[in-house]
Amino acid sequence: MAFKNRSFDDASTVLDIRDLTVRLLDRPEAAPILDRISLSIRSGETACLVGESGSGKSVTSLAVMGLLPKEALAATGGTIDMEGQNLLKLGAQKMRELRASRISMIFQEPMTALNPVMRVGDQIEEVLDTHAKFSAQEKKRRVIDIMNQVHLPDVERIYRSYPHQLSGGQRQRIMIAMAIILEPQLLIADEPTTALDVTTQKQILSLIAELQEKHGTAVLFITHDMGVVAEIADTVHVMHHGEIVEQAPVGELLRTPRKDYTKRLLKAVPSLVPQPARPDEKRGEALVVEGLEKIYGGQGFLVKRESTLAATNVSFSIPRGRTLGIVGESGSGKSTVARCILRLIDPTEGEVRVANTEIARLSRRALRPHRRHIQIVFQDPFRSLNPRWTIGESLIEGPLNTGEDRTKAMKRAQELLSLVGLPEDAVSRYPHQFSGGQRQRIAIARAIAMEPDVLVADEAVSALDVSVQAQVLKLLADLQKKLGIALLFITHDLRVAAQICDEVIVMQHGRVVEHDTAANVLSNPQHAYTRALIEAAPGRNWDFANFCELPAA
Amino acid sequence: MSVAPQPASRLQWVLGAIALPKRWRIGAGPIVAALVLAAIVIVTLLSPVISPHSPMAMDALERLKGPSETYPLGTDAYGRDVLSRVITGGRVSLFIGIGAAVVSVLIGLLIGLVSGFFRLADAIIMRIMDSLMAIPAILLAIALVALNGPSIWSVLFAITIPEIPRVVRLVRSVVLSAREEPYVEAAITLGSSMPKILWQHLMPNTLAPLIVQGTYICASAILTEAILSFLGAGVSTEIPTWGNIMAEGRVYFQLKPSLIFWPGLMLSLCILSINLLGDTARDMLDPRLKKREA
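For the protein sequence lines, the chains are R and C, in the order given.
One point on numbering: in the working numbering, the residue at position 342 of the first sequence is 342, and numbering is uninterrupted.
One point on numbering: in the working numbering, the residue at position 257 of the second sequence is 257, and numbering is uninterrupted.
FYI, nobody ran anything at the bench for these hints, they're computed from the structure.
Built from N, CA and C at the ideal position, the CB exists for glycine as well.
Some hints could be false.
Said to hold, decoys possible - A short list of chain C residues far from chain R (calculated; beta carbon distances all over 10 Å):
| # | residue |
| --- | --- |
| 1 | Asp59 |
| 2 | Leu139 |
| 3 | Leu147 |
| 4 | Asn148 |
| 5 | Ile188 |
| 6 | Gly264 |
As the list claims (entries may be wrong) - Below, a list of computed lysine-lysine pairs in the DSS-like style, where the Cα atoms sit at most 27 Å apart:
| # | chain 1 | residue 1 | chain 2 | residue 2 |
| --- | --- | --- | --- | --- |
| 7 | R | Lys482 | R | Lys411 |
| 8 | C | Lys65 | R | Lys411 |
| 9 | R | Lys70 | R | Lys94 |
| 10 | C | Lys196 | R | Lys408 |
| 11 | R | Lys411 | R | Lys481 |
| 12 | R | Lys140 | R | Lys214 |
Claimed, not checked - Coverage of chain R stretches by chain C, computed from C-beta distances (three or more under 8 Å per stretch; other residues unrestricted):
| # | stretch |
| --- | --- |
| 13 | 365-375 |
| 14 | 393-403 |
| 15 | 479-486 |
Could you build the full structure based on these sequences and the hints that come with them?
This is the structure:
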């Protein structure tokens, strides 16, 4: 694929960070959060800061913005140079003037970064108010102009809208409008597209690129996504444990990475090339779903509510030992399907047969003995374990419900922990003592403890770093091979789906638009929406793990 | 995870391990409050032993006298010892305060758990609670005492009932947000029964706010009891309480203000220290609610 390869030799330096060190205030003897990092960005350049969670990417951006939490972190060494001024030495007042007019920032979560009780037009005007004096007419003209520049539709209406009336993509465009209205020299974007769907992400990335070209802005782009890096970066800075381990132009870094860590990071990026489907061993269907439908609302208490069709006419089956993926963007109904199958919500229509028992119409009480046949692993590892319970208590909750003896269950819990690659003494510890990946392993062990026929993984690796993601995916595949479980894998990430699924269902607006083997769906998509999804996957032509171009399909 | 101490900072490390975490450190205020409250409770409990006179014994010759050696705080209109009456009067107040707090929290917890988890029950329960809350607490209490007669138990009942809806609302709101947690949904898929999920997964989330709410109920119940007694709708006048001592003293207020001053002081100290302890408990159990430090 074509990487950016412009030369910036003639461009002026906008930001120059030299030997920046940031430490924890209450533990000055501990390893620094940022360890003498140096990087510079020239005007018009996009510098990508990549790394896994905890590597110090966000702290770097906060340090530049002068927004380090005062009671916890402090810059103890180095300089951040912008136009001959050392930002670390500037007072609060000076720094405030600099923000928005010279440096501005876009955050990850467009939902929480906007004020929910203020019209978005007023919020953009507020930026103008704090940094310049304009007449009311002039202000409005400028705001409308910037809203046009970020390609918002129906600008006059959106100008008067509140954030909740806009989609995620539109909110992010408003954020970008706020960030660039004063034409800053430096734009910091901290994971600006992580919370967005891939098709929206593609639009936002090209918008940032377009505005950058127009205004010559330097962009410091923070991301964990190598695909995004391949699409937009001029230069890449790889961070690890508070250090910059490698910096290079994007093409060079992706073709010939020099450092081991960079290589590891790139190798962990799942490939978009689908695994060939494993042969069906004809061991019978573990899960059969027929004509599933879920309508929200409809009848309320005394009032008639508007009804929403969350999923309709969904039918599929999974044989034992196989994996089916459901892929789609937010609001496509993929999680609704999962929750209906687990009977966390009641389907409006249709049949769900788990281990040859129809469970869609059973009463809650009659259902309880059958629950053990189908288990789930949730997305958020920090909320899926009861924080007040030891790991052991969490692991034996299910077995105790089926009448298993407590000491026996506890012994099996220890075996399960070693099965998922954790020490056996973890039974007596609490969830907060484990990392996200470890907690996800515990959640998997808890599900496996019930010896289920079907395991539903609802975005189970989406919250994890790529290297941890790879380990958890491998664990799931191993367990599946060992125990013959049918796996229903729900994800928005085509790369993950390509790696683990035998078959893939693509959902849009509550309907199944495509259902075929993973290989067919990904390399020969039939439906326009599937093609759009694949088209939007960042870095789709690059084989990150092998540092080379993907052969054209 | 513990890290091996650096030799140079070993002393610091040891001290750090002993020192309470920041949010558990408390100031002087709560300690004074706890001491005051403890003193009031001890004196009140020991009142049969330490009060110099029987609180009901009258002395027709010593009516409305000032402080003397026999009567340290003077006597009232019937020649009864004010000191003995004030320390005995605390018994009813404290019993009603603690009793109302415990009973309303327990009942409110049970109703709130059910209401938060079962949608159908919620619609009915909350309408009943709404109508209870619509009646002013004092009026409701007066009506209940009027119905059941002026015994200690009927006063306790009358004070507890109006407090229950507030506890129910609190528990319900905690349950409503906690039930959306994935670990609760995981428990459902693991086949745990509803009572088990309610009691083992959801109930512990409500404990911290309930402890705090309990102290506020305790203080407000003591006050309500005093108001009821003052209005003549409380415990019968044969049993001294801070409220009815003040009610009787009201007639002689201009002649002898100390008849109202002493029970009023005890009541104020008691409620102030309970509220202060409640605030401290809130800050320690739930730092998010803490008022921002200047």
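**OP:** Please confirm whether Ile188/C is truly not at the interface, meaning its C-beta sits more than 10 Å away from all C-beta atoms of chain R.
**Re:** violated (6 Å)
Original post:
Taken at face value, is the distance from the CA of Lys411/R to the CA of Lys65/C at most 27 Å?
Top reply: violated (77 Å)
Original post:
Any Cβ of chain R at or closer than 10 Å to Gly264/C, or is the non-interface label fine?
Top reply: holds (44 Å)
Original post:
For the stretch 479-486 of chain R, do three or more residues have a beta carbon lying closer than 8 Å to a beta carbon of chain C?
Top reply: Three-residue rule not met by the stretch 479-486 of chain R, so violated; n is 0.
Original post:
If you draw a straight line from the CA of Lys70/R to the CA of Lys94/R, is it 27 Å or shorter?
Top reply: Status holds; Cα separation ~17 Å.
**OP:** Compute the least Cβ-Cβ separation between Asn148/C and chain R, then decide whether it is above 10 Å.
**Re:** Holds, since 35 Å exceeds 10 Å.
**OP:** Examine the stretch 365-375 of chain R for residues whose CB is less than 8 Å from any CB of chain C, and state whether their number is three or more.
**Re:** That given contact holds, which follows from 6 residues of the stretch 365-375 of chain R lying within Cβ reach (below 8 Å) of chain C.
Subject >> Satisfaction of hint between Lys214/R and Lys140/R, Cα-Cα up to 27 Å >> reply: Cα-Cα ~21 Å, so holds.
Original post:
Can we confirm that no CB of chain R comes within 10 Å of the CB of Leu139/C?
Top reply: holds (30 Å)
**OP:** Compare the distance between the alpha carbons of Lys411/R and Lys481/R with 27 Å, and conclude whether the hinted pair is satisfied.
**Re:** holds (23 Å)
**OP:** Assess, step by step, whether the Cα of Lys196/C is no farther than 27 Å from the Cα of Lys408/R, and give holds or violated.
**Re:** Holds: Lys196/C and Lys408/R sit about 21 Å apart, inside 27 Å.
Original post:
the stretch 393-403 of chain R covered by chain C? Criterion: 3 or more residues, Cβ-Cβ distance below 8 Å.
Top reply: holds (count 5)
In summary, the structure is inconsistent with hints 5, 8, 15 from the numbered list given earlier, while agreeing with the others.
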